[in-house]
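Chemist: Build out the structure end to end from the sequences listed, making use of the hints.
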Amino acid sequence: WCHGSPVHRYGLYALQWIVEINGKPTPDLDSFVNVTKELEHGEFVRVRTIHLNGKPRVLTLKQDLHYWPTWELRFNPDTAIWHRNVIKALNRSTV
1 WCHGSPVHRY GLYALQWIVE INGKPTPDLD SFVNVTKELE HGEFVRVRTI
51 HLNGKPRVLT LKQDLHYWPT WELRFNPDTA IWHRNVIKAL NRSTV
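So the sequence shown is numbered by the UniProt record's numbering: it starts at 1 and just counts up by one.
Check before you lean on any hint, since a few could be wrong.
Result set (EDC-like, lysine to aspartate or glutamate): computed pairs, CA atoms no more than 20 Å apart in a straight line [what the hints assert, rightly or not]: (1) K88 <-> D28; (2) K37 <-> D64; (3) K88 <-> E38; (4) K62 <-> E38; (5) K88 <-> E72; (6) K88 <-> E43; (7) K62 <-> E43; (8) K62 <-> E40; (9) K24 <-> E38; (10) K55 <-> E20; (11) K88 <-> E20.
No lab work stands behind these hints, which were simulated from the structure alone.
Just so it is clear, the structure is predicted and the values come from calculations on it, not from any experiment.
Modeler: Right under this line is the structure:
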């Protein structure tokens, strides 16, 4: 969660589980990553969440790969270092 990010702008925050992206279920991280790889820069994305209290919510975000590429953080317990892996970013040649 970063100030100015699409998540911040559209009100997605901790205590909410993302259960669907554009109608496609995301029961685990791998399926979430696979669905988000299909999203294009500037595309509107429908996100269905379930709050910790069980209340469902649907919101629409606008994908911004220019300033906010899709990436994941992975912790390596052997080295105690976090690594950022880019999943999808804007192709710089088209900017």
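Chemist: Just to be careful, I want the Cα atoms of K37 and D64 compared with a cutoff of 20 Å; is the pair within it?
Modeler: Holds. K37 to D64 sits at ~13 Å (cutoff 20 Å).
Chemist: Is the straight-line distance between the alpha-carbon of K88 and that of E43 20 Å or less?
Modeler: Satisfied, since the Cα-Cα distance of roughly 14 Å is no more than 20 Å.
Chemist: Can you confirm whether the C-alpha distance between K55 and E20 stays at or below 20 Å?
Modeler: holds, 14 Å
Chemist: So if I understand the rule, the pair passes when the alpha-carbon distance is 20 Å or less; does K88 with E72 pass?
Modeler: With a Cα-Cα distance of about 10 Å, the restraint between K88 and E72 holds, given a limit of 20 Å.
Chemist: Would you mind confirming whether the straight-line C-alpha gap from K88 to D28 stays at or under 20 Å?
Modeler: Holds: K88 and D28 sit about 18 Å apart, inside 20 Å.
Chemist: Are K62 and E43 close enough, with their CA atoms no more than 20 Å apart?
Modeler: Holds, because 6 Å separates the two Cα atoms, which is no more than 20 Å.
Chemist: With a cut-off of 20 Å on the C-alpha distance, tell me whether K88 and E20 pass.
Modeler: holds, 19 Å
Chemist: Are the Cα positions of K62 and E38 separated by 20 Å at most?
Modeler: It holds: about 14 Å lies between the C-alpha atoms, which stays within 20 Å.
Chemist: Does the structure keep K24 and E38 at a Cα separation of 20 Å or less?
Modeler: Cα-Cα ~11 Å, so holds.
Chemist: Please verify whether K62 and E40 have alpha carbons no more than 20 Å apart.
Modeler: holds, 10 Å
Chemist: Verify the proposed pairing of K88 with E38, using a straight-line Cα cut of 20 Å.
Modeler: Status holds; Cα separation ~9 Å.
Taken one by one, the earlier hints all hold for this structure without exception.
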